[in-house]
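Asker: In order, the protein sequence lines correspond to chains A and B.
Every letter in the first sequence is one number past the one before it in my numbering, and letter 296, counting from 1, is 581.
Every letter in the second sequence is one number past the one before it in my numbering, and letter 301, counting from 1, is 309.
Note that these hints are calculated values from the structure, not bench results.
These numbers were taken from a predicted model, which means no experiment stands behind them.
One or more of the hints may lead you astray.
Covered by chain A, per the in silico footprint, the following chain B stretches (three or more residues, Cβ under 8 Å) [what the hints assert, rightly or not]:
{"no.": "1", "region": "25 to 38"}
{"no.": "2", "region": "124 to 133"}
Rough simulated footprint, nothing fancy, chain A against chain B, three-plus residues with beta-carbon under 8 Å [unchecked claim]:
{"no.": "3", "region": "13 to 21"}
{"no.": "4", "region": "316 to 323"}
Just so you know, even glycine gets a beta-carbon here, dropped at the ideal spot from N, CA and C.
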Amino acid sequence: MAKHITSATWSKRLSKAVRRPVGGVHPDDQKAAQAVATETLPLPAQVKLAVTSVTPAGCRLLVRPGDLVAVGQPVASPVDLMSVPVHASVSGRVLSVDEATNLNGQRCPVVVIASDGRQTQWEQLQVPAVTDFASFRQAVRASGVVGLGGAGFPAFFKLGSAPGQSIDLLVANGSECEPYSASDARDMLENGAEIIAGIRAVLDYAQIGQAIIGIEGNKPDAIRHLSELAAADERIRVRVLPRRYPQGGEKQLVYAVSGRRIAGGALPSAAGALVMNVSSLAAIAVYLKTGQPLTQRRITVTGPAFDRPRNLMVPVGTPVSQILTYVGGLHGAAASLIQGGPMMGRLVEDYEAGTLKQTNLLLGLTAAQTQKQAEQACIRCGLCAEVCPMSLQPSEMNQLVLLGRYQEAADRYYMKDCIECGCCSYICPAYRLLTQSFVYGKQQLKLAQRQATQGGQAQ
Amino acid sequence: MMTTGIAKTASPQIHSGRSTTAVMRDVLIALLPLAAAGCVLYGWRALLVLVVSTGSAVLTEYIYEKLLHQTVTGADLSAAVTGLLLGLSVTPLLPWWLAMLGSVFAVLLVKLLFGGIGRNFMNPALAARAFLLISFPRQMIQFMNPQAGAESLDLISGATPLPAAKWSGTVPSLLDSFLGNKAGSIGEVCILAIILGFAYLIVRRVIHWEVPLIYLAVFALFAWFWGSDGWFTGNVLYQLLNGGVIFAAVFMVTDYTSTPMRRSGQWIFAAGAGFLTILIRRFGAYPEGVTFAILLMNLLTPLLDRALVPASFGRKKHAK
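Sequences are here, hints too, so could you generate the full structure?
Answerer: This is the structure in structure tokens:
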């Protein structure tokens, strides 16, 4: 598709109008945390750094138990083509590097560091020498920055392998469409200059002509602030997006600001776009300026199960329990803690696990909010298909998954295009576990595929 | 069913809060003005039919589920909707035992035996009405003129405006047709009440506004084509305001279960039903075509659902 569409035609198609979203739902915003200034969490006694990698065992551990480390020192470095290094977020002694379950429920090596309380900076930290695209890409990788909006995809890998070829539009994602979430909104207010600097760096080194910052209309302060900052550079514009979930999904965002449609399974680059979270861009700018890699981030701690909303600057790997203790714990019996927003977030099972780089929100929901009704029969109202931002047919897909006909669900109804945003399950009047069944169905398809390839190799 | 691997605790963690019960409650509320108008116009006879049809529909479902040790689903209110729809679509003179029989037919044969809510391939209320119309034609076409005062046999007339127009020619005024001051089915005569119900369903986003309008537009177009004095002489307003067209447009053509799930399919469904309705009215043996037109289109619903699957976002067309 991208073959015959040049950058020039794409640019012509860019209009001032923001496209109306396809599907989507309108849960209550609950953005009280946006108005709360960021405070710094007292230094935790220890941090647990999950060494996750894109490919299995894509990172090599650089430390052993007993080693002394300083802030910013890499404790793991990538050996594959996609992963990024992990840096110590406190200074102190490495206690263990054993495999454990991280906050996302994945098994991976976890580097546990006991803090010495001094936060000594690593003496080898230095401002990276960036002269061209290759060195820029290398610097972004060395910064350890991943998608800080929650996806956690390595930022450097999105830049592609060569500058100025197919990508002509950078979209800075400041939509933050999940209810309750506010860390990006705070970043736009508190680190606006860094965000603009990050955008300019990407535009310069990746030779991209223009950038659009997409912000949902429920963040007027951020819109005003970034519009003022962006005025100095005519390549950068701010677009106000409709308040609708999942406006911040990369396909939905690119469509809204440019009208380009990215099909399921395709990357934004297929439509000439590069999507980066605003906080990720700021983190890149900080690394380029100071050489300080990503070792801390802002986490919004909010929800009805907490006494008040907070934004905390937290070292990466801080145990969740540490944060809970600081904010006074969850209130109410059977309140549950969600990592991420209420639409796509995960239930936190282990409060001792350390936060991840992409952890942007710790949400305390009351038992009444998270109580799941029993599934009822589908009444064929069609709402699920109406709210699906990918124009899928959740009702039919759900039936096929329940019958074990996963391949048919994928072939006839494009189940693999599901972005798992949760809109269908949110709206279903029969409380059907729609999104959940597609997650399961896609897992089964992957499993079947893996078995098929392994079977083929055996023969 | 293979549901073991589907994680109940997985996201999304929140729900819109709008349940099947809430949707059905909205439909019941939208039907209230119709029921009230029917009772005002036709008195206790109408009330009796509505109470019996609604009550026996709910009771049938309850007894069936109790006997088969199934979950009792009466709380979803769908049986009540079916019973009330049936009661509203029949004559106030219908004997109570026929109202009961119709509801048992609708709920037991059309809905429960096919798997309960969401599984019936036909609109249960319409299917029951067709069943009564075929099996008990004499009782089904006895109508009465509206009367707020005392009852006498004089008030009972044998014909509604539609057959009257088809065979003899005396018809009520348009205003009487609009307000329901005429002989007819309990819920179908007062157009004003139906419009109130329609407005409520739109405000509550239970139905899409364009589906009833497409049905009525196609119906009106062909009603105009096939006039009694040759081509393009049809009395469209008269055809619209009499019989069950507007009632069916709002409450039957928009039924979730027996009509297509996607908008494109719903439009085709509505257009087809509108065409068939006037076709039967104009050329069929029955004075009213609504019931069989919609039931016929109900049979096409699985086909429409299967045929009109849009490509997913960003894809050109469907692969298979």
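Asker: What hints, given by number in increasing order, does this structure fail?
Answerer: No numbers; nothing is violated.
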